[in-house]
Every structure is written in C-alpha cells, then in structure tokens.
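Peer 1: So the protein lines, in turn, are chains A and B. For the first sequence, the UniProt record's numbering begins at 1 and goes up steadily by one. For the second sequence, the UniProt record's numbering begins at 1 and goes up steadily by one.
Honestly, the hints are just simulated from the structure, not real lab data. Fair warning: there could be bad hints in the mix.
Straight-line alpha carbon distances no greater than 25 angstroms define the calculated DSS-like cross-link-like pairs of lysine-lysine that follow [as the list claims (entries may be wrong)]:
| # | chain 1 | residue 1 | chain 2 | residue 2 |
| --- | --- | --- | --- | --- |
| 1 | B | K505 | A | K79 |
| 2 | B | K250 | B | K523 |
| 3 | A | K56 | A | K306 |
| 4 | B | K505 | A | K56 |
| 5 | A | K180 | A | K59 |
| 6 | A | K326 | A | K221 |
| 7 | B | K523 | A | K132 |
| 8 | B | K99 | B | K136 |
| 9 | A | K180 | A | K132 |
| 10 | A | K59 | A | K189 |
| 11 | A | K104 | A | K79 |
| 12 | A | K132 | B | K505 |
| 13 | A | K221 | A | K104 |
| 14 | A | K56 | A | K221 |
| 15 | A | K132 | A | K59 |
| 16 | A | K79 | B | K136 |
| 17 | B | K99 | A | K132 |
| 18 | A | K59 | A | K104 |
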Amino acid sequence: MTETTVLDRSRDLSQPLDRLGPDESMKDRSDYLRGTISEGLLDRITGAVPDQDDVKLMKFHGIYQQDDRDLRDERRRQKLEPAYQFMIRVRLPGGVCTPAQWLKLDELARAHGGETLRITTRQTFQFHWVLKDSLRPIIQGLHDTLLDTVAACGDDSRGVMCTVDPQSSRFHAEVAAMAKRVSDHVIPKTRAYHEIWYGSERVGGSEPEEPFYGRTYMPRKFKIGFALPPSNDIDVYAQDLGFIAIGEEGGLEGFNVVIGGGMGRTDQAPETYPRLASLIGFVPVDRVIACAEAVMAVQRDYGDRKDRQHARFKYTIDDKGLDWIKAEIERRMGGPLGEARPFAFTSNGDSYGWNTTPDGRHHRTLIIENGRLDLKLLDALRDLARVHRGAFRLTANQNLIVAGVRTEDRPAIDAILAEHFPDIDHFSILRRNAIACVALPTCGLAMAESERYLPTLLDRIEAILAENGLSEEPITVRMSGCPNGCSRPYIAEIGLTGRAPGKYNLYLGGGFHGERLNRMIRENVGEAVILEILADTLGRYAREREPGEHFGDFTIRAGIVREVTEGRLFND
Amino acid sequence: MIAPELPGNPLTLDQWRQVEGLTRSLDPMQVRWLSGYFAGLDAGLRQPQSQPASLVAARRLTILYGTETGNAAELARTLATALADKGLTATLYDMADYKVRQLGQEQDVLIIVSTYGEGDPPQPATGFFEFTESRKAPKLAGTRFAVLALGDSTYEYYCQAGKRLDQRLEELGGQRLADRVDCDVDYEDPAAAWTAAISDQLASEAPAVRPSGTVQHAALAAPQSAYDKRNPFPAPIIENIAIVGRGSSKETRHIEFSLAGSGLVYEPGDALGIAASNDPTVVSDLLSALDLAPEATFELKGQTSTIGEALAHRFEITAATPRFLDYWALLSEAALLRQLQEEDRAGERSVFLRTHHIVDIVRRFPVQNVMPQGFISALRPLQPRLYSLASSLSATPGEAHLTVAPVRYSLHGAPRSGVASGLLADRAEIDTVLPVYVQSNQHFRLPATDAPILMIGAGTGIAPYRAFLQEREARGISARSWLFFGERNFRTDFLYQTEWQSWLKDGTLTRMDVAFSRDRADKIYVQHRMKEQARDIFAWLEEGAHVYVCGDAANLAPDVHEALIDIVAHEARTGREAAEDYVRSLQADHRYQRDVY
C-alpha cells in the first residue's frame with residue numbers, strides 16, 4: 001500500500017459502534033469492564049455468572065467461565081446446570097515468581113483450585129476448578145502477595161513473556177525487568193478490577209479511565225514477548241509484538257522488533273491462518289515502551305472490529321501492508337526504527353538438568369508434563385519453596401526452573417528433588433519438548449482431548465522413534481484441542497489440532513527453533529492413521545537425514561511437505 | 001335458679017318448681033331428649049292434627065374428622081353414608097374447616113381423628129385441638145360424642161390425638177355415646193365395626209323412621225376413580241434417575257410413573273401411594289432367623305397362605321411395634337423384653353424399638369419352633385408409602401413424578417433401607433410395575449384465586465412446588481411466586497435446578513432463595529434466608545400470599561414456623577403473642593399449609 005492509496009477505514013475504530021461487531025458495543029457499554037459482574041457473583045441460583053456480557057468481561061479480569069464437559073450430558077439429564085467453574089489466569093510478566101508467591105499460589109490452589117495448578121504455554125499459572133464463591137478469595141489472596149490477574153485474558157495486552165532459559169541468562173534480569181515494565185504499562189488502568197475483586201469504593205475523577213485503550217480496548221487479544229538468543233523458548237515469532245534482545249560485551253543494547261505473529265485459525269475458513277511475526281527493525285532499550293505503545297496503537301486504531309475472526313494484528317498487517325504498518329509505527333514513535341541486528345536462534349525448547357550461569361548461580365529445570373501440577377507435585381514444590389532462596393521461572397514449554405540457587409544450597413535442593421522426583425530425568429527428549437493445551441474437560445473451545453491424551457500418544461511415538469534409533473533426537477510435538485492453537489502447534493515439527501473426539505489434523509514441517517510454519521498433511525484423522533504417517537516419515541528421516549538435520553527441515557527437503565513461506569499461504 | 005329472674009319466663013312459680021325438680025333428676029341425654037320433645041310438642045300444639053311421635057325433633061348430628069393423609073376423611077364419609085342409609089342426616093366437617101365456636105351448640109358429635117409424630121393431631125386440625133383444649137372451650141353438658149382414633153402402634157404415643165379428644169370432651173361435660181376405639185394402621189375392620197355399631201345405636205334411638213337421611217358434606221368431595229388404596233393401579237416406571245450430581249452425600253432420585261389407562265387424576269399437592277413389597281433379602285434373612293421355610297403355611301381370615309408370600313407382600317417386617325415386643329417377650333421370656341414392657345419404661349422401650357428391627361429382636365432373643373400363625377398375628381399389615389407428587393397433570397398428562405430420597409442407615413452393622421424408597425432406588429427399573437394410587441391432600445392446595453404464593457421446602461420437600469409451578473405455567477397464572485429451597489451442597493444437590501432457572505427466566509417463578517448447609521462452615525438453612533428477606537416476606541403476607549411448607553417435620557417445620565413468627569413480630573413491630581396470633585390466623589384462613597413428614 002502506498003501513501004496515495006485511500007485507506008480502508010470501514011472496519012476499524014473510526015466507525016460508529018452500530019457498524020462494528022457486537023462485542024465492540026458490549027465493551028463500550030461495560031463502563032470500563034464493570035458490567036454487572038458484582039451482581040452476578042451474588043446470584044445463588046447459578047454457579048455461573050448469568051449475564052453473557054459479564055462472562056466476556058470477566059476475561060479482561062483474567063477469568064474464564066467454563067464447565068466440566070465430562071459431566072455436561074449427565075447433569076443435563078439430572079436437571080442440573082452444567083458444572084460451572086472458572087479458570088483464573090495469573091498475570092506473571094516474564095514467568096518469574098518468588099518462593100513466597102509460590103507458597104501463596106500453592107495455598108490458594110489447595111483451598112480453592114481443586115488441588116491443582118497449571119503452568120501455561122505463556123509462562124503463567126492457571127487455577128482450574130474454581131467455584132464462583134472462591135473467585136474473590138483467590139484474587140484477594142493473590143493481591144496479598146502482589147500478584148493479580150489483570151488482562152490475563154480479554155481484548156488487551158496479555159501477559160508479557162520473556163525467555164527464561166538459563167543458558168541465555170546473561171541479560172535475563174534486565175530483560176525480565178523490561179517485560180514487567182512493559183506489562184505494567186500496557187495493562188488496562190480501569191479501577192473496575194479493584195472495585196469488583198478487592199471491594200474498593202468507586203472514586204470519581206476527571207481523568208480518563210483508560211487513557212490508552214479508550215472505552216472499547218483492543219480489537220482482540222495482543223501478545224508481547226521478549227526472546228534472548230540463542231533461545232527462542234518463548235516462540236517470539238508467534239507474538240503480535242516480539243522483542244529479540246541484542247547485546248554485546250558491553251551489555252544489552254536493544255531489541256530487534258518483530259510484529260504480526262499469531263497462531264489462531266479456524267477449520268474450513270481459509271481466510272484464517274497462523275502467521276509468523278515479521279522483522280521490522282531495531283529499538284534501543286530506552287525506546288522499548290514507546291515502541292510497544294506505538295505498535296499497539298496502530299492495531300488499536302486500524303484493527304478489524306467488525307469480524308473477530310479477522311481482528312488479530314496479523315490480518316491488519318497483511319491487509320494494510322507491512323511497509324505501511326511499519327511507517328505508521330515509526331510515525332507514532334516519532335522516528336525511524338534502526339536496522340535489524342544479526343542474531344541466531346538454535347532452539348525453542350528448554351535446557352535440562354542443572355545449569356550454571358556466569359554469576360555463579362545454579363538453575364535446575366524440572367520437566368512438568370503438560371505443565372500440570374497435581375497434588376504430588378504441589379507437595380514436592382511446596383517443600384522446595386520453603387527452602388529455596390532464589391526464584392521460580394516458568395517456561396513457555398510448561399516446565400519449571402528452580403533459578404538462582406547458590407552453590408551451598410544445591411545439596412538441599414537436590415535432596416528434595418531426590419526424595420520427591422526420583423524419576424525426574426527419565427523423561428524422553430521427545431517429552432521434554434512436547435506441549436499440550438488444557439482442552440477437555442474444562443476448556444470450552446476444545447473439540448478433542450489434548451492434555452489428557454498427549455502422554456499416551458507420546459508413548460506410541462516413542463516406540464516408533466526407538467525402532468528407528470531416533471530416541472535421542474529432539475523433535476517438537478505440540479497438540480491443541482482446537483485450531484486456536486494455545487500450544488503453538490503450527491510451528492511444531494509435528495503438530496496436531498483437534499477436530500472431533502479422537503480426530504486430529506496432522507501438521508509436519510515446522511522449524512525446530514520456531515522459524516517456520518508447518519503444513520497440514522492430513523485432515524481429521526484418528527490415532528492409527530497419525531501413527532502410520534509418522535512411522536513412515538520418521539523411518540525415512542532415520543534413513544535419509546543429513547548430519548544435524550532436524551526432522552522439520554528434513555520433511556521439507558525430502559519433499560514430504562511443501563514449505564509454508566508466509567502465513568497467508570498456510571492453507572494453499 | 002329463680003324463675004322470675006329468667007327474662008321472659010312465662011311459668012308460674014309452681015310450674016317452675018316442678019320443672020326444676022325434674023331437671024335435677026335428669027341425665028344429660030334425658031335433658032337433650034326432653035328439649036327435643038318440648039320443641040316437637042310446641043310445633044304439635046300449633047298443629048294439633050300431627051302425630052306426637054313424629055313431632056319429636058331429630059338431634060343435630062355432626063361428624064368431625066382430622067386428617068393429613070385422607071384416611072380419616074374417607075372413614076368419615078363412609079360413616080355419613082352408613083348413617084344416611086339408616087335415615088339419619090349428619091353434617092360432615094374437616095376439623096380444619098370447622099368453626100370451633102359452634103362446638104357448644106352440637107348435640108351428637110362423632111369424631112374420627114388420626115395421630116402424627118409425638119402424639120400430635122393432624123396438622124390441619126391443630127387449630128381445632130388448640131381451641132378444644134383451651135379455656136375457651138365451651139361446656140358440653142348436652143353433648144354426646146364418640147371417638148374413633150387412628151394411629152400407628154409403631155409409635156409410642158399410639159392414637160394419642162384421639163385419646164386426647166376423648167378425654168377432653170368428657171372433661172367438658174360431654175357424654176360418651178360409645179367407648180373410644182383405637183385403630184392401628186390396619187384400621188379397616190375395627191373402623192367398620194365401630195361405624196356399624198354407632199349408626200345402629202343412633203338409628204335405634206331415633207323417634208321415628210324418616211324418609212331417608214342425607215349427607216351434608218361441608219368439605220369438597222374427593223375425586224372418584226376406578227383405582228384407589230384398596231385397589232391400586234399397576235403403574236409402570238418410565239423414568240428413574242439420580243438427580244444429584246457426582247460426589248453428592250445424597251441419593252435423591254426422580255421417578256416417573258405412567259398412569260396411562262388408569263383414569264387416575266390428581267391435583268398439585270396430592271400424594272402418590274405406593275404399595276411396595278419388602279426387600280426379598282430382608283424376607284429371607286427373617287425366615288432364616290426364625291428357622292421357618294417360606295412354604296410354611298398359616299391361616300388368616302379363613303384363607304391359607306404361605307409365610308414367604310405374606311412376609312414379602314403383606315406385612316411390615318422391618319420396624320418392630322410394641323405389639324410385636326409383647327408377643328416376642330411372651331415367646332422368648334427374655335428378661336430384657338419383659339422389663340421393656342413395664343408401664344414406666346416408655347422411653348427405653350421406644351429407644352429399643354428404634355434400634356431393633358424385627359429381625360434383630362428375633363436374632364438376639366432366639367425362640368425355637370415359632371408358629372407361623374402366631375408370628376403373623378404379631379405383625380401389622382404392610383402399609384403403602386406416600387410421596388408428594390412432583391408433577392401436575394396439566395403439564396405431564398398421564399404421568400406421576402416423584403422425588404425420592406432413599407432412607408438408608410445402618411443397624412447392628414448391617415445396612416438397612418426404607419421399604420419403598422429402597423425398592424425405588426435399588427430394585428426398580430424402567431418398566432418395573434408397582435401398585436399405586438392417588439392420595440388426595442385437601443390441605444396443600446394452590447390458592448383458588450391468583451394470590452401470591454410463598455413456597456418453603458428442603459430436600460425432597462421441593463416436590464410439590466414443582467407440581468405447583470407446572471400447574472401455574474400450564475394455566476398461565478401470572479401471580480407472584482417465591483421459592484425457598486434448602487439442601488446440603490449447591491453443586492450436587494440443587495434439585496431440579498435447571499427447571500427453576502427457566503421458570504425464573506420466564507416469570508412463572510418470581511423469586512428464589514437457596515440455602516446450602518454444607519457449602520460453608522457456618523450452616524445456612526432456609527429459615528436464615530427467610531429472615532434475611534423478612535421485610536419482603538411480611539409484605540407478601542400482607543398482600544395475601546399463601547405460605548406452604550414441605551419437608552422434614554422434626555426440624556424444618558418448627559424452624560420455619562418460628563421464623564415466620566419472628567418475621568411478623570419484627571416487621572409488624574408487635575409482641576410475640578400478636579405475631580403468633582397473626583400466624584395462627586393464616587392457618588385458620590388456610591393461607592399457611594404444611595405437608596411435612
């Protein structure tokens with residue numbers, strides 16, 4: 001698009017509400033995310049929040065209303081409403097928390113969260129199985145330990161991610177602090193959260209409640225992440241806005257900026273597609289906040305507010321043109337972006353075992369299968385949190401790092417690990433790199449199992465790998481229960497998205513460090529077909545691969561999969 | 001009494017002395033007869049052609065019944081019919097509808113009343129008992145009475161309500177027409193004998209044969225149908241599911257019967273009687289404890305039966321009665337049982353009976369060579385179990401829905417369950433056929449007008465309100481309704497939750513408040529929720545709302561009753577007595593109705 005082309009503004013913020021999608025009016029009339037949530041919490045006749053607008057508004061407060069889908073049919077016959085419950089997602093910028101915060105999260109999960117916590121694919125905690133009456137106790141409990149759930153969901157900037165891989169930790173503290181600053185800067189400023197959850201009085205004021213967002217917030221969610229090469233553990237190309245740390249001997253200099261990543265798509269809707277973020281330049285450290293605000297403002301003002309399926313930043317970029325978008329960002333920043341600096345990623349996985357950083361601290365990565373902390377794991381980690389003096393870091397691969405351990409504390413940590421996790425290092429390489437979303441029974445979007453099924457499928461894939469002598473080869477496997485892609489399946493070497501119970505789309509050819517989308521090679525098939533295709537492809541890989549060649553790269557070179565060079569060609 | 005002091009007395013002093021002397025020598029019956037005689041004579045003197053005998057006025061004859069389940073009402077109607085056949089006209093009143101001030105004017109009163117709980121009268125008759133047993137009760141010098149008392153010998157205060165009235169009427173100066181007859185749950189035969197005797201006696205006194213008597217029924221006639229308690233309809237089960245969610249501490253079930261082809265009709269508030277058979281395991285356990293073969297025979301009313309069949313279908317074989325205790329004490333000569341028979345051991349006796357089923361007694365005090373004949377004679381007939389109907393025929397034609405919580409407990413290390421509820425929960429499947437009948441309940445009825453209704457229930461006490469709302473929805477009644485419901489846990493025990501939700505949405509149900517006692521440390525019950533809404537409840541009452549209470553008789557009913565009194569006292573800013581009067585007058589106006597068990 002050129003300067004002279006007339007810009008299409010028929011679908012964005014410039015239009016009156018009645019010409020935009022219904023959610024825009026809903027947000028507008030919500031009185032800055034208040035709605036009638038407080039009243040709904042008091043309704044004793046239902047375990048849900050009865051007003052549908054409120055259900056959507058609660059997401060902006062980090063809360064998803066869900067129900068136990070395993071029980072839906074049974075309860076309908078019993079004349080009982082669905083087993084409503086809530087998922088609460090914590091805002092944890094950069095995925096770092098203190099042992100004291102861990103103990104509080106643990107306590108709340110035991111009291112109100114079905115004795116389980118989940119580490120998400122965006123480096124935070126989710127409480128599941130929370131009943132309506134427990135929402136306030138949890139949120140107030142989090143507040144006690146300086147945590148909140150603001151904007152953990154909703155049409156706003158979601159939790160800001162940051163690489164936690166210890167091997168990239170030269171600038172970790174600095175970049176993590178930046179992630180926190182950006183998160184604090186871009187979250188909604190409405191007092192609604194304080195009023196509803198902490199019981200604060202509403203105070204009037206002449207200041208606008210949302211100086212940046214305005215009454216209708218973003219067109220859709222907006223995801224920001226910071227990556228520290230060589231690790232791309234956060235999948236920076238899957239972010240709406242990604243910052244890639246660039247540093248030299250002298251320290252952190254700034255960030256390469258990538259924009260327009262996003263996973264979500266819809267089956268049978270070829271106009272929807274996953275897209276990897278595009279590199280547009282470099283910003284120095286002191287311009288990061290200005291850059292983030294400029295990028296978000298462009299999406300806020302030009303994003304599609306008519307059709308939520310087409311509202312993510314990736315579509316705005318492809319509709320308006322990357323050059324035009326970059327120019328608009330630069331215009332709002334008041335100056336051009338620098339030229340992108342060279343960098344190299346090697347993996348989007350985690351490193352395992354003990355790692356020691358130049359500061360003399362030690363870091364132990366614990367594999368948490370699917371990020372699910374059951375009571376046994378909670379018990380172990382509670383013991384650990386009571387003695388640990390460093391921090392806990394949550395990885396984007398749903399694992400946990402006991403970070404910043406002093407040399408003299410290592411034996412104590414090791415003793416606890418040995419006591420609780422004698423098998424901690426027995427996870428196969430395949431399993432360490434695998435991600436599954438939650439899906440059934442709690443996620444309302446799931447069409448097929450994910451978290452509960454992936455371990456079984458991995459058993460079978462491991463058998464194929466063993467037959468082919470590939471057990472030591474790192475291969476990324478990611479499964480989502482629906483095409484929205486919370487587990488970032490479209491950049492996995494083996495991707496699976498749910499279509500129906502027991503049926504999945506199978507994707508191959510993703511880049512090992514998150515640099516290339518995969519392509520669907522079989523649609524809506526069951527386990528037998530999936531295993532048949534994998535056995536065949538992995539067999540060829542074992543026989544025909546070149547030294548050091550990753551499985552995803554092989555499938556492209558061997559012509560098994562046609563490379564996807566751009567998101568909008570994903571469905572071709 | 002000096003004649004001139006009586007206003008309008010036309011008698012001379014001499015005539016008066018004669019009357020006075022005669023009066024002193026008369027018993028009340030003679031007084032009553034004479035009063036009739038003089039009344040007739042008066043008419044005769046003005047119509048000299050008439051025969052003196054036929055001029056004797058018939059005595060006013062009144063039948064009063066007190067009932068919850070309708071048995072006493074049915075017997076009262078039978079009595080009225082029997083009297084009519086003899087040419088006697090009786091007026092029939094439900095005690096609930098009877099104007100108590102009229103009692104002083106009654107001449108012959110025939111009473112049929114059942115007993116509940118701890119010797120209490122039927123709930124609808126509470127007002128009648130309160131009046132009769134109070135100081136306000138009139139002297140009944142000229143009144144004759146007879147009492148037929150219904151009860152259940154399983155309970156300590158057997159037939160107590162009847163005994164109370166029988167004694168009280170005597171205290172008030174009434175004269176017994178016949179000795180009181182107490183009937184156990186197998187009341188049919190003794191009741192028929194009493195009815196026959198009373199109607200014969202009254203007919204023989206009648207001065208002359210009159211054309212034919214009539215029954216004047218002050219209450220509504222019960223619906224007639226081809227099937228009834230004596231002839232239940234074999235109804236197939238068409239639905240039987242647990243309606244509490246996983247993890248519930250309850251087992252409450254929703255059960256639907258098909259009444260298709262039965263012609264049975266019912267109204268919201270009525271109950272369904274189920275003539276359930278005993279659990280075959282309980283039967284075989286008892287037979288083996290008795291060392292009797294199921295084929296062993298006995299004779300009853302001239303018919304030979306096997307004990308296996310009788311124990312399975314015809315007699316109560318779980319809870320022991322005082323009668324059974326007497327029988328087994330005699331047979332076993334066990335010291336403990338002998339002791340329990342003593343007059344002043346009522347408390348111990350009732351504890352023993354609560355904690356020992358028949359089989360437990362038989363096992364604990366074994367007896368050799370028990371005769372089937374004797375054993376059967378110590379048992380009482382198996383009674384049908386009543387369940388409040390949870391459906392309205394307007395909404396579910398040809399169906400009867402029940403809400404049943406199985407009765408389960410453990411005794412002497414063995415699990416026990418209720419006869420009918422255990423059957424429904426454990427041994428009844430779709431297409432299982434059970435004998436059922438409709439038990440009318442005139443004392444739990446939707447208002448005839450479009451008055452607001454306040455429904456209070458806990459547990460399975462919710463059942464009739466489902467029927468109420470189905471009925472109101474089907475009839476398009478838009479009057480306000482408010483439901484208070486209590487159970488243990490919100491997530492699993494919110495019975496019929498989605499139905500209330502949709503009724504709230506469409507306005508059939510105006511408001512609903514719930515109390516779940518086990519969701520939090522501080523236990524919340526319906527009466528607490530009522531008190532939270534005291535102002536609105538009182539406003540509804542003032543606007544003519546009808547109040548219904550259904551559920552547990554031991555706790556819910558008295559707690560809700562107290563809450564109502566508190567609410568009235570608080571909101572009307574009156575004292576407790578005035579509030580009690582207010583609530584009592586709600587009862588008297590039939591605006592406060594209970595179905596508790």
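Peer 1: Now, for every hint given, state plainly whether the structure supports it.
Peer 2: Hint-by-hint comparison with the structure:
1. K505/B x K79/A: holds, 16 angstroms
2. K250/B x K523/B: Holds, because 17 angstroms separates the two Cα atoms, which is no more than 25 angstroms.
3. K56/A x K306/A: The hint holds at about 17 angstroms.
4. K505/B x K56/A: holds, 21 angstroms
5. K180/A x K59/A: holds, 20 angstroms
6. K326/A x K221/A: holds, 20 angstroms
7. K523/B x K132/A: Holds, because 18 angstroms separates the two Cα atoms, which is no more than 25 angstroms.
8. K99/B x K136/B: This hinted pair holds, its Cα atoms lying about 13 angstroms apart.
9. K180/A x K132/A: Roughly 29 angstroms separates the two Cα atoms, so the pair is violated.
10. K59/A x K189/A: holds, 15 angstroms
11. K104/A x K79/A: violated, 37 angstroms
12. K132/A x K505/B: With a Cα-Cα distance of about 21 angstroms, the restraint between K132/A and K505/B holds, given a limit of 25 angstroms.
13. K221/A x K104/A: Violated. K221/A to K104/A sits at ~28 angstroms, over the 25 angstroms cutoff.
14. K56/A x K221/A: holds, 13 angstroms
15. K132/A x K59/A: Status holds; Cα separation ~14 angstroms.
16. K79/A x K136/B: violated, 51 angstroms
17. K99/B x K132/A: The hint is violated at about 53 angstroms.
18. K59/A x K104/A: With Cα atoms ~22 angstroms apart, K59/A and K104/A stay inside 25 angstroms; holds.
Taken one by one, the earlier hints fail for this structure at numbers 9, 11, 13, 16, 17, listed in ascending order.
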